[in-house]
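**Student:** Here's the letter readout for the chains.
There are 2 protein chains.
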Amino acid sequence: MQILLTNDDGIYAPGIAALKHHINGLGHITIVAPDIEQSGVGHSITFGHPLRIRPVYLNNEFIGHGVNGSPADCVKLAIYEIMKEKPDLVISGINMGSNVGIHILYSGTVAAAVEAAIMGFASIAISFEISDKYADVHSAAKVARTIIERITKHKLPKGSLLNVNIPSLPPDRIKGIKITRQFAHDFKETFARRIDPSGRDYYWLIGTDKTAHHEEGTDISAINEGYISITPLRYDLTDNALLKKIESWNWEGIA
Amino acid sequence: MQILLTNDDGIYAPGIAALKHHINGLGHITIVAPDIEQSGVGHSITFGHPLRIRPVYLNNEFIGHGVNGSPADCVKLAIYEIMKEKPDLVISGINMGSNVGIHILYSGTVAAAVEAAIMGFASIAISFEISDKYADVHSAAKVARTIIERITKHKLPKGSLLNVNIPSLPPDRIKGIKITRQFAHDFKETFARRIDPSGRDYYWLIGTDKTAHHEEGTDISAINEGYISITPLRYDLTDNALLKKIESWNWEGIA
Chain A
0 MQILLTNDDG
10 IYAPGIAALK
20 HHINGLGHIT
30 IVAPDIEQSG
40 VGHSITFGHP
50 LRIRPVYLNN
60 EFIGHGVNGS
70 PADCVKLAIY
80 EIMKEKPDLV
90 ISGINMGSNV
100 GIHILYSGTV
110 AAAVEAAIMG
120 FASIAISFEI
130 SDKYADVHSA
140 AKVARTIIER
150 ITKHKLPKGS
160 LLNVNIPSLP
170 PDRIKGIKIT
180 RQFAHDFKET
190 FARRIDPSGR
200 DYYWLIGTDK
210 TAHHEEGTDI
220 SAINEGYISI
230 TPLRYDLTDN
240 ALLKKIESWN
250 WEGIA
Chain B
0 MQILLTNDDG
10 IYAPGIAALK
20 HHINGLGHIT
30 IVAPDIEQSG
40 VGHSITFGHP
50 LRIRPVYLNN
60 EFIGHGVNGS
70 PADCVKLAIY
80 EIMKEKPDLV
90 ISGINMGSNV
100 GIHILYSGTV
110 AAAVEAAIMG
120 FASIAISFEI
130 SDKYADVHSA
140 AKVARTIIER
150 ITKHKLPKGS
160 LLNVNIPSLP
170 PDRIKGIKIT
180 RQFAHDFKET
190 FARRIDPSGR
200 DYYWLIGTDK
210 TAHHEEGTDI
220 SAINEGYISI
230 TPLRYDLTDN
240 ALLKKIESWN
250 WEGIA
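Residue numbers (numbering that gives the first Met the number 0), protein chains in the order written: chain A, 0 to 254; chain B, 0 to 254.
Hints listed in this document are in silico derivations from the structure and should not be mistaken for laboratory results. Model, not experiment: these values are computed from the prediction. Watch out, some of these pointers could steer you wrong.
Note that the list lumps identical chains together, so a pair holds whenever it fits in one copy or between two copies.
In silico DSS-like pairs for lysine-lysine, Cα to Cα no more than 27 Å straight-line [stated by the list, open to error]: (1) K141 - K244; (2) K85 - K132; (3) K83 - K243; (4) K141 - K174; (5) K157 - K243.
This is chain A alone, in the form it adopts within the complex (with noise of 0.2 Å):
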């Protein structure tokens, strides 16, 4: 099995060597991610300036290839220029925060398994939601090979993927999985405002308490609730409800 493994935390994150490691003997792994942090730039893509691709070493031993762009960028180019053999599998992650509710619009690390879901190609998301609760990734990639053992097992349909979010707990403190839907309300998250040394204002997006949401069924009671989430997603957003609805308003005379 040739797997793509990809992140947005860069290609020196601890997220994506616990899950090289750990995934170890499941197939040939071939890493391609961005050579800094790209956290929250969604699903952003390069056309304004040229992409560069280096190998990367750590400690004298070659682990992948970094590019300067984004995640989405990423899977493209490890498709179409570095991978000899297609991927049977694209892993984005491990994320080192949940990508869950709204965020998932937000993150880079579903925008990369989107990208490979978008090309045809079986893709799984899988963050790890960070607390001080608990903060062992390499219990959480532990986690993710028993899971991605698990959907290997079956074919997942052209142009969906799964996004897979692990709680901030010991491995034998977590309840199970839940397979869930997104939470789609707004988490409400507002600004800080400040003044800097020369007086000048400036303003910080001041993350929500994800804690304080819950609507059963949702990939974020679930991870509030110590169960691993799974959510299926696709990359259509047409609201056909809406759509037949509109149809109907009048739309004569106007061009």
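Starting from the known structure of chain A, arrange chain B on it as the hints suggest.
**Tutor:** Just chain B, lined up with the frame of chain A:
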């Protein structure tokens, strides 16, 4: 009516100026847009560095608020920090270049409208196909005004937005309006590999020839055929059909 106007081509872009000019009289307009072009940034948000808001003047006239961030950042800042009254309508555009098919996911223009929808506000993304056939953004802005007038006669359901694409044609050659779904297939965009003066490889993303794509009922077919395309979108990516299916997979004993 309070209108928030933003874009991803930057606050000085011709598309936002043309739209502001032609929707004059529809309501009170507040412009909040990125300082510089942000095309292809997708739904990126900024939390790695602080954001600044600066008043922007053109020919000594105040035109709006410039932000050193993404289109989605602009919408958040506009609504939480800048506008005294909440917007009745958020308009993102006019983007110079269509945003159809999977390009919806890469688009900063659409992401701004999605962000507004997440926050519960009625929103529209407007893009103008650019070609060597025709490129008068003022005629597109006139068409956009009529569309906006029609849309504001109705109430958009919370969380939905409309993605409008105007074909690259003079108004009298536009055939009408089609209500469409997103073209949900890969555009098969690849890379040009070049050698720089130092002998090193670099890669440019090559855009697709969108006129080659046809699928009845989709956004891309509509503009290829000379129609204005209006696609209702929502930001819930859950694949509900797959959710039902994978619930029956074996998830026992993982954690």
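**Student:** All hints are to be evaluated individually against the structure, with a verdict given for each.
**Tutor:** Tested hints:
Proximity of K141 to K244 under the C-alpha cut-off of 27 Å is restricted to the inter-copy arrangement: shortest distance 25 Å between copies versus 47 Å within a copy. With identical chains, the CA atoms of K85 and K132 are never at most 27 Å apart, being 39 Å at best within one copy and 38 Å at best between copies. In this assembly of identical chains, the alpha carbons of K83 and K243 never lie at most 27 Å apart, being 45 Å within a copy and 35 Å across copies at closest. For the identical chains of this complex, K141 and K174 are intra-copy neighbours only, at 15 Å inside a copy versus 57 Å across copies, given an alpha-carbon limit of 27 Å.
When the C-alpha separation of K157 and K243 is checked against a cutoff of 27 Å, the pair qualifies both within a copy, at 26 Å, and between copies, at 16 Å.
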